[in-house]
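4 protein chains.
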Amino acid sequence: MNVLIDVSIVPLGVGLSLSPYIAACEKVFKDAGLKTALHAYGTNVEGEWDDVLGAVRKCHEMLHAMGAPRISTNMRLGTRTDRVQTMEEKVQSVIEKM
Amino acid sequence: MNVLIDVSIVPLGVGLSLSPYIAACEKVFKDAGLKTALHAYGTNVEGEWDDVLGAVRKCHEMLHAMGAPRISTNMRLGTRTDRVQTMEEKVQSVIEKM
Amino acid sequence: MNVLIDVSIVPLGVGLSLSPYIAACEKVFKDAGLKTALHAYGTNVEGEWDDVLGAVRKCHEMLHAMGAPRISTNMRLGTRTDRVQTMEEKVQSVIEKM
Amino acid sequence: MNVLIDVSIVPLGVGLSLSPYIAACEKVFKDAGLKTALHAYGTNVEGEWDDVLGAVRKCHEMLHAMGAPRISTNMRLGTRTDRVQTMEEKVQSVIEKM
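Going line by line, the protein sequences match chains C, A, G and H.
Take 792 as the starting number for the first sequence in the working numbering and just add one per residue.
Take 792 as the starting number for the second sequence in the working numbering and just add one per residue.
Take 792 as the starting number for the third sequence in the working numbering and just add one per residue.
Take 792 as the starting number for the fourth sequence in the working numbering and just add one per residue.
Keep in mind that the hints are not guaranteed to be accurate.
Chain copies aren't distinguished; within one or between two, either way the pair holds.
Heads up, simulated PhoX-like pairs for lysine-lysine below, C-alpha to C-alpha not over 25 Å straight-line [stated by the list, open to error]: (1) K888 with K818; (2) K849 with K818; (3) K849 with K888.
If you are wondering where the hints come from, they were derived from the structure by calculation, not from laboratory data.
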């Protein structure tokens, strides 16, 4: 089952600059061979469910290992059986209607 | 790694009454032996990461099998290494300070 | 327009114990006369859109005043024109189908 | 108070193609003079709290007027008092650390 997620990972107890932690997660997603798109309040990740969710788990483990004692993540997950639609096609589909 | 999630699963293309689908997911969580708490805009689920996320995957598969061609889920995920805190303790901790 | 929200407010830069901040927000909601239900990963709040969203704004202002330099909130918002359904009715509707 | 949100608006009861509704919301944000960035699972919107949240309300009203009887929105909201950081700076800050 293919899934498109949008994930925002917030480590707590590490001060106010979260970008080193977000960069570490981006690396986890890249190393897993997943397609990603970073934006100002999260990251789109696309792939097989177990690959994508396994990478999110690795992000949590990595951030705890980097010293974050607590993490609060917010994630959207979309699956569909009617058709296949990539991240680019989703964005394009909205732009065409604007 | 233990995780507390709060999950809101929204099947699309099945009309406006979502409660049969949410009830089906509740059953998936119960059958997985996970601790849950239902509220008016989601469900708390607590347990081992792979058990909890595996059950969320089963919910998506179940809802697609029930006829939902598209699902948009929103999930919060909390992990911590500093201490163990159950769902009840979290709520109690806020109530004590009110 | 009536709205049911579920809100999880995460102050950053204030350490790991978030319950005093969540308790302060609960008080903001109560003082606004809104119906609320606290759970282990957020709070349901029901009422007129401007009252509810105005109270969420007050929470952010309050938490900044309490010393939180940064806040990351996650919120679900549900509106409907087909029928009126309270928080209790939503939960009951799922339980009946389990 | 400035706020950066990331919003995913899901109209129910209108079939599976959501892009016309998302495009309508994009227009609401543009018409409000707000800075936006569309991605594959939501939209970043930046501005004064009341302007941004007022526009989200207008989206709900617009989508109901377009025939959606029920809407389930997911929104992240970030505010901070320590510094000002635009959407572009947030993304750049992560990229530099990758």
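Results of checking the hints against the structure:
Only between protomers do K888 and K818 lie at most 25 Å apart by alpha-carbon distance; the minimum there is 10 Å, versus 34 Å within a single protomer. Only within a single protomer do K849 and K818 lie at most 25 Å apart by alpha-carbon distance; the minimum there is 11 Å, versus 28 Å between protomers. For the identical chains of this complex, K849 and K888 are inter-copy neighbours only, at 18 Å across copies versus 38 Å inside a copy, given an alpha-carbon limit of 25 Å.
The earlier numbered hints are all upheld by this structure, with none contradicted.
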